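Residue numbers (my numbering), protein chains in the order written: chain W, 35 to 317; chain H, 9 to 356; chain Y, 9 to 283.
Hints were generated in silico from the structure; no laboratory data involved.
In this text, all values refer to a predicted model and were calculated from it rather than measured experimentally.
Watch out, some of these pointers could steer you wrong.
[As the list claims (entries may be wrong)] Derived DSSO-like pairs: lysine-lysine, alpha-carbon spacing no greater than 27 Å straight-line: (1) H:LYS292 with H:LYS325; (2) Y:LYS198 with H:LYS349; (3) H:LYS127 with H:LYS115; (4) H:LYS217 with H:LYS292; (5) H:LYS217 with H:LYS325; (6) H:LYS136 with Y:LYS198; (7) H:LYS325 with H:LYS340; (8) H:LYS115 with Y:LYS113; (9) W:LYS230 with W:LYS208.
So the chains spell out like this:
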Amino acid sequence: MAKQRNSDMAAWILSAPVITLLVILAILPSIQLLITGFQRADIAGPTLNNFEQLVDSKFAVQAFWRTLRVSVLTTVITVLGAYPMLYCLRRAGPRISALLLAITIFPIMVSTVVRAFGWNVILGPSGVINKSLSSLGLIDAPLKLIFNEFAIVVGETHLLFPYMVLALVAVMQKVDPALEEASLSLGANPLVTFMKVTLPSSYPGLLSGTLLVFSLAMTAFATPLLLGGARAPLLTTLLYSYAYTLYDWNRAAAVALILVAMAMAFYFLQRFISNIQMRSYGK
Amino acid sequence: MSTIELKSVTKRFGTVTAVEGASFTATEGEFVSILGPSGCGKSTLLRLIAGFESPSDGEILIGGNAVSHLPPWKRNIGVVFQSYALFPYLTVDANIAFGLERRNVDKAEIEQRTNEVLKVVGLDGFGKRFPRQLSGGQAQRVALARAIVYEPEILLLDEPLSALDARLRDEMRFELQRIQNETGVTTLFVTHDQSEALAISDSIIVMNKASICQVGNPESIWGAPETHFVADFVGVENIFDATAILGQGEKKLSGQIAEKLQGNSSTGDQTIGIRGRDIRVSSKPLENHLMVSGTVRGMNYLGHERVYEIDTSISPKPITLVAEAGQMLDGKVDLALSHDKFLWLRED
Amino acid sequence: MGNSSAISSSAMWNIGRYAIMCFAGFWCVFLVAPIFVVIVSAFTAGDYLTFPPSGWSIRWFIEVANLSWFRSSFLTSILISTVSTAIAILAGVLVARALARYQPKGFVFIEFVALSPLILPAVVLGFALFNVINILEIEQHALANLIAGHVLVTIPFIVRSVWSAMAGTDVSYEEAAQSMGATPTVVFRKVVLPMARPGILAGSVLAFTYSFNDVSISVFLAGSNAKPLAVELMSNMEYSADPVPAAVSTIMVAIAIGFFILVERIGGMKMFVGK
């Protein structure tokens with residue numbers, strides 16, 4: 035009995051530095067955010083005015099739908115792209131597999147600013163795509179490929195593709211390799227095996243990957259800021275413009291709170307799903 | 009070296025009782041095995057003595073001192089783990105020196121004693137290697153060296169041979185015995201392998217379902233098991249029910265007199281056992297034997313012997329007879345079960 | 009099954025196989041393209057940013073090395089990332105130990121708190137800190153604010169990596185040390201920490217990289233006296249037509265490659281997989 039209490043105490047002492055830091059840096063500021071979001075300089079007492087203004091603003095509502103559209107598109111595209119990559123990862127020899135994995139993971143280590151700049155160079159009016167298309171005589175005027183939703187989708191897909199692949203890979207690692215061998219021995223070629231054995235085995239990873247990518251897409255900031263510009267704002271860039279351009283920190287806080295609500299919802303959904311998966315799959 | 013004494017030690021984890029009322033004494037220099045199947049509580053018992061768990065009830069004494077509430081690092085013990093637990097980032101020398109460093113032994117002496125103990129376990133010159141460069145048998149010896157170099161009061165071994173292949177295991181058994189004889193340290197050896205326990209112990213403690221069933225030297229555990237479980241565990245093939253009758257001083261086995269006793273005999277049901285190799289084939293009735301007729305139902309040829317399964321009227325299950333390789337039996341047989349070879353067992 | 013159907017189905021499957029390989033190849037190109045384009049155009053000899061570059065030269069790297077804003081923001085970033093990672097390690101290793109070995113009451117609470125910066129969007133965390141800083145009127149201490157913000161987001165990287173390493177370690181090593189006379193402090197120093205070293209190193213590198221690359225928190229906390237490199241790059245990117253942002257980006261990518269190889273050496277690809 036005493037030993038249990040002692041180790042409880044020890045655990046709390048060990049956790050104290052992190053808890054202190056996070057209370058000061060995250061929890062208290064979040065509470066303040068809550069307060070700020072329900073305040074307004076010209077109105078006494080807590081008010082819903084900030085949220086009302088958001089709902090009334092066409093701009094803000096568009097930003098919301100745009101965020102949703104972009105996130106859904108990004109998620110769908112990453113799923114479509116991740117599976118061929120998964121197939122090659124599983125079928126290729128160890129060295130090519132390692133190379134593919136490295137190519138997929140490495141971009142995570144590169145700053146979003148650098149990546150956005152790269153897409154700028156590729157998609158811009160005098161960028162790689164436009165210049166090559168016009169030198170081939172296929173277009174007269176440069177295509178508008180940047181500072182719009184298209185560029186944001188491209189950028190976010192590039193950003194989040196690795197996460198989807200990793201989610202699938204993580205799940206596939208736990209699958210018995212003998213399953214695929216059994217399928218091959220029963221007469222199914224590798225493609226059929228992939229469709230009928232590998233794919234269904236990957237569904238748990240697909241689910242968690244989709245949720246992850248979708249939630250990351252809904253809350254991405256730097257990429258939409260640099261590739262979307264002022265004409266294609268998302269919720270996150272809206273927050274930024276309220277804070278830095280309009281100096282309306284109350285409204286900014288309101289947007290922030292909406293983003294928090296979404297993030298929390300995704301988090302609990304992810305936990306819920308992984309709990310169900312753990313119970314039905316065992317591990 | 010010290011004695012180990014357990015007085016009614018009990019350990020509960022929530023609603024599960026892992027060890028119930030365990031009491032025994034290991035004398036100085038004795039090699040004691042704790043034998044039992046998986047889940048019987050033997051490892052928990054070891055961990056209680058080591059100090060990794062505290063008893064819910066009862067007392068543990070090492071060398072006469074109560075240690076139940078002492079943490080492991082204060083108990084002056086040596087432990088060899090099933091996985092050996094050699095620190096992978098330290099050399100063999102550094103692994104062995106670890107316990108000596110905790111006791112503030114000076115560097116020169118550490119070096120000397122480390123070299124000495126490596127010689128004792130037969131690994132002279134291995135000091136600079138890392139655990140990953142050692143074979144299974146070598147790692148095991150290093151783990152042993154590490155645990156005995158600082159001359160602990162007792163040595164605890166948790167299934168140390170189970171990770172080795174059969175031949176290495178036999179070899180290491182002799183090594184273990186030799187080293188324990190040389191150092192004379194009181195040793196507790198946990199295993200599920202009865203042949204291992206019989207081979208090297210001075211005394212064996214048989215455990216089943218959290219309780220101690222029987223304590224004794226190897227000969228008495230093998231030759232005179234006291235309970236159904238112990239008999240089964242040491243390989244008694246035939247165990248069945250008998251009926252004792254009060255007053256007549258006799259225990260009857262399906263109508264035939266199996267044993268004549270002086271004085272009181274207990275009534276009610278009894279369990280008896282007899283080994284397959286203690287049953288003889290005889291068409292003529294023999295003195296002091298229970299004669300049973302039966303029909304051969306199956307045979308396994310094992311090279312040095314033949315094992316027969318025989319249906320009889322004295323037991324619903326077939327009787328196992330272990331016969332010499334040359335003895336071919338078929339159809340009807342007459343069996344003779346010697347009264348002296350019957351084992352009267354407790355149910356547990 | 010006749011011969012002909014075996015042949016035709018094998019042809020189908022070959023086409024399918026190549027189609028998938030091409031598809032995957034396309035994605036590889038897609039992943040590499042922006043980084044490749046940036047690096048290559050940084051080596052241009054011309055005055056403007058073009059791809060393909062006009063001539064080869066490293067003049068822009070020399071140019072960048074002489075830019076005062078590059079030098080000061082580069083040092084600022086290194087300082088911020090180093091200090092915040094160090095603080096995160098001190099706090100994170102302790103809490104990872106608590107999570108890996110002890111199961112105290114309120115374990116879920118500790119886990120949630122320690123990993124919470126991963127749950128909330130970085131923009132929100134940045135803005136929330138910005139809000140508080142304004143209210144407290146301490147925005148002029150930009151360096152300290154940035155370090156505080158970066159500590160916040162790097163802690164979860166360390167905790168996750170170290171916790172995973174510790175939880176995967178057999179408890180027998182600690183028990184063996186205890187049985188030989190090591191008190192809990194000695195066990196922590198001589199057994200727990202050495203065995204958790206790969207996790208600590210990998211977590212630190214990932215944390216440092218994230219901090220060095222970060223924009224989402226840094227835009228809110230930066231001030232005139234302290235701006236991380238990524239933030240400076242962001243503003244430079246917008247108005248500059250020369251290859252300076254490309255050169256700066258290339259330098260950042262080179263650092264990223266270095267860190268990537270480092271993490272791979274420490275523990276291999278599996279460090280990135282597993283959540």
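Status of the hints after comparison with the structure:
1. H:LYS292 with H:LYS325: holds, 24 Å
2. Y:LYS198 with H:LYS349: Distance of about 58 Å is beyond 27 Å: violated.
3. H:LYS127 with H:LYS115: With Cα atoms ~19 Å apart, H:LYS127 and H:LYS115 stay inside 27 Å; holds.
4. H:LYS217 with H:LYS292: The given pair, whose Cα atoms are some 44 Å apart, is violated under the 27 Å limit.
5. H:LYS217 with H:LYS325: holds, 25 Å
6. H:LYS136 with Y:LYS198: With Cα atoms ~19 Å apart, H:LYS136 and Y:LYS198 stay inside 27 Å; holds.
7. H:LYS325 with H:LYS340: holds, 17 Å
8. H:LYS115 with Y:LYS113: violated, 44 Å
9. W:LYS230 with W:LYS208: holds, 17 Å
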